[in-house]
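K.L.:
As given, the protein sequences belong to chains R and P, one line each in that order. 531 is the number that full-length UniProt numbering gives the last residue of the first sequence; the numbers go up by one with no jumps. 531 is the number that full-length UniProt numbering gives the last residue of the second sequence; the numbers go up by one with no jumps.
Think of the hints as simulated: they come from the structure by calculation, not from any bench. Here the structure is a predicted model, which is why all the values come from computation and not from measurement. Watch out, some of these pointers could steer you wrong.
Note that the list lumps identical chains together, so a pair holds whenever it fits in one copy or between two copies.
Here are the simulated lysine to aspartate or glutamate pairs, EDC-like style, with alpha carbons at most 20 Å apart [to be verified]:
1. Lys215 <-> Asp319
2. Lys353 <-> Asp133
3. Lys163 <-> Glu480
4. Lys184 <-> Glu76
5. Lys215 <-> Glu227
6. Lys215 <-> Glu480
Listed below, chain by chain, are the residues.
2 protein chains.
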Amino acid sequence: MTFSTPTRRQLLAMIGKVAGSAAMYQAMTSMGFAAESEYRDGVSLQGPRGGKKVLILGAGIAGMCAAYELRKAGYEVKILEYQNRHGGRVMTIRGGDRYTDLAGDVIDCDFESDGYLNPGPWRLPIHHYAVFDYCRELNIPIEPFVMKNDKAYLHSQHAFGGKPQRVGHVEKDIRGNVSELLAKAVNQGALDEAVSLEDREKLLEGLRDWGVLDKDLRYRSTEALGEYRGWDVLPGGGLMPEKEPSTPMDLSPLLQSGLWNQILNFNSYEHESPMFEPVGGMDGIADGFHRQVGSVIQYGARVTRIQQGDDGVTVSYEDGGRGGELRQESADWCICTIPLSVLAQLQVDCSDKLRKAIGAVPYASAFKVALEFRRRFWEEDDWIAGGISYTDLPIVQIAYPSHGFFTKGPAVIQAAYDTYTAGRNYTYTWSSLSNEERIAAALHYGRQIHPQYDTEFMSGVSWAWHRVPWTLGCYGQWTEDLRRAHYETLCEIDNRLVLAGEHCSHIPAWIEGALLSALDTVSRLDQRENA
Amino acid sequence: MTFSTPTRRQLLAMIGKVAGSAAMYQAMTSMGFAAESEYRDGVSLQGPRGGKKVLILGAGIAGMCAAYELRKAGYEVKILEYQNRHGGRVMTIRGGDRYTDLAGDVIDCDFESDGYLNPGPWRLPIHHYAVFDYCRELNIPIEPFVMKNDKAYLHSQHAFGGKPQRVGHVEKDIRGNVSELLAKAVNQGALDEAVSLEDREKLLEGLRDWGVLDKDLRYRSTEALGEYRGWDVLPGGGLMPEKEPSTPMDLSPLLQSGLWNQILNFNSYEHESPMFEPVGGMDGIADGFHRQVGSVIQYGARVTRIQQGDDGVTVSYEDGGRGGELRQESADWCICTIPLSVLAQLQVDCSDKLRKAIGAVPYASAFKVALEFRRRFWEEDDWIAGGISYTDLPIVQIAYPSHGFFTKGPAVIQAAYDTYTAGRNYTYTWSSLSNEERIAAALHYGRQIHPQYDTEFMSGVSWAWHRVPWTLGCYGQWTEDLRRAHYETLCEIDNRLVLAGEHCSHIPAWIEGALLSALDTVSRLDQRENA
């Protein structure tokens, strides 16, 4: 690749033209965002005609977001929340926290450091624009979440003698071997029909550089490979030993290892780099909304019935603050964010088809285990600072903290995590274990990747969403058939009642789904109010 | 890929075995670090036999590191530093700073935010273990530096109508097109000799998943491609518009665009993800050492001559604190970290071959420009939070800050940066410009990628290392021939004098090179002392 370099005189001449020239294009349209969403710049509500009250069920992200926008537009808002905390599944478990699950198992978190577990959402992709718009608006401090770490491990019990391989090595060796094979095919003329002569030259040049092939277009250990893949002996200072490039893995064991499959975890649009996290825990996002709408939340309110007529709704609930006394709250509209798994068990006045939709969507299972260790051995010994190692063991993945890098003292890693995935049903097995058993299992499997577990372990905490009384599962587990049959019904306004939450979105399980659902819901409610 | 899932009973049985089983392998040896360096766990000096003094020239990273280790081992240490600041090239320019370059050009930094420019080193790869060992030891706070951002741009004036393309799109489209071509070649039997039947099946399966090919093994717009490459219309909440997958670029325009070449910037071992930076600016590392050895630094000391005999060294210097009065300092040993570009002009008693080596290594040119804008338009409009956009314009790259994400108000980007690269000599052109001209040029070119420059610009600052009086260039520009002829001589102890710094390492320009050079130098000096 050659560049044309302006002389000083040419450069100065060009600079002179800056002021006069028009912008080549407008950023927003050129980047292709304009079409993406009418909500790109947030909702703009007309507000109610006269005093109107909206009752919101659930102080999770969808409920608080809806309350925030409706209040800004002039609606009276009240939130009823079953728990004595805000945020719903957007929560963070820290040392000193205690939870009791459905089975009566008491989960104590004994972490001594400021490490934590986000049992629900734990990372934010940049295209979740509603999340970041609110982080900006609500002054929620954000830091990078390291999703892909080239030093993290990929591990299979049945490959490379059970020895973990570096993400960067696997990825670069796939790329190198693929490049070598394709270059060979091109040079044999196998693709003469598919690729023009001019493109073939560029393709060979590209493969050589991208795959770091040698002059014979083979993927071999060379000094250039060291600069690309790393060293067996690193370049040093002064008269330290001579550097030695590393040696790539051959294609055949790589193909048979199954590790190529693990690389795909980094491939999705949702996992593109960089991802982000709130500083100090995911509940920072819930806290941001709570600072705005905390005053309208009534806690300890266990909804038992939703009644509605043409003019409004009446919600019955047991008031935990008054010993469970049955009370009622009325409003012009009701936005219900209660998970379908719970809502299906309540008495709800609504159309038959909405009732069917509410009962139709199963909730996915998911679990997590976090472990605290005496020191950051993954950083000190393994040079893994942040990121995720994947394994075919039932812990599925080990995620290292994206904060407190290179500090001394204890730290917490997310030592096991999976959601329901077709073809493996780990999550049910893990959900059947007690907290203590889940911690023991995470230790048992994790030490095969990090033997330091044996000496550095301090304490652990775990979470299984199917054992959580207020959600009975992790998130709405849609299929294409279910969407066709029930999604529109679930989202439509049913007289004076409308549902919102991640289950009413095409982005299940993510905070963005809850936010966009809330924004869409309040927009339609506001339009109906002003129709 | 299938997993065998243990039952609850099997899992509990396995957990029971944890305590009794030995660790499968030791982490350190299995990870292949053991061979990498004898310095992996830091130096261990014997210390002097009786009182011994070491005079160090230069309070940069190498000088301060050497001073720190020698003092810990019991040596008396003094540092002479030309400037009135510590850190050398490891520096950070902030609002309120003022510098005067060789040409008399006064460089004022008027930044209003806490944004900054690191004119020298600005990012740390994780395998620079000495850097991170010292960050841990000296309590230097570290945060991720976003090197690769899939949303950042690749840009060529001559491709795609000058419209920037997303890094993720280019990378995934290369991978998809390469996978399609290789799958085609495999299915045509073109690689039957190179790849066994068993491997061919795995290869096709791998290419289909890795390249996200459709059922006919073609790289086309499908829903799966949306999940992988992104959407023209993003999945939404409630009844928002239906999602639409994006459309990939065809192979031919991609090959001809030159953007594949720009992807290589993310390929090197030094740029693997994640990289890191000190919180608040790269001078945080210099400050960490300064907290340890600040008391032994004499500032404003302009060394003019280094004399040595069999028993020690005497260094003459003009004392800036006393109006330039000529003074002398004697010691048993001298470690000189003065850049060769400056040292070559001083009177130095040493062997002829060392004098030749000092004069033989040219210094690379490099420049940077930083611009402050009224708002983070790259985050708000372009969804680029951190990372680097590359272009074939003479600014070469635009780096977005890896801190203060999603905050309101002004922020600083590194708007142009290049070091000398064979085939393009931008750095000399840029070095010939004044500070004001460099800022104007960065604006002129950068607005072709970010038209928001026109309305959001506040102020700028620039740096050209060949115009800096105390280095006369950026770093030692070694070639293989120069290494063969002079490197060992340059690093060897010459009677009572020994050199250190990035120029005495195989990692030029990086802090790690300066540190490993210092560690190697003090080790050999200590061995000589105890021989």
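K.L.:
Now, for every hint given, state plainly whether the structure supports it.
P.N.:
Results for each hint:
Taking CA atoms no more than 20 Å apart as the test, Lys215 paired with Asp319 passes in neither setting, with 77 Å inside one copy and 56 Å between copies. For the homomeric pair Lys353 and Asp133, neither the shortest alpha-carbon distance inside one copy (35 Å) nor that between copies (63 Å) is at most 20 Å. Proximity of Lys163 and Glu480 under a CA criterion of 20 Å is satisfied in neither setting, with 39 Å inside one chain copy and 36 Å between copies. With identical chains, the CA atoms of Lys184 and Glu76 are never at most 20 Å apart, being 70 Å at best within one copy and 63 Å at best between copies.
Proximity of Lys215 to Glu227 under the C-alpha cut-off of 20 Å is restricted to the intra-copy arrangement: shortest distance 16 Å within a copy versus 37 Å between copies. In this assembly of identical chains, the alpha carbons of Lys215 and Glu480 lie at most 20 Å apart only when taken from different copies (19 Å versus 50 Å within one copy).
Hint check: violations occur at hints 1, 2, 3 and 4; the rest are consistent with the structure.
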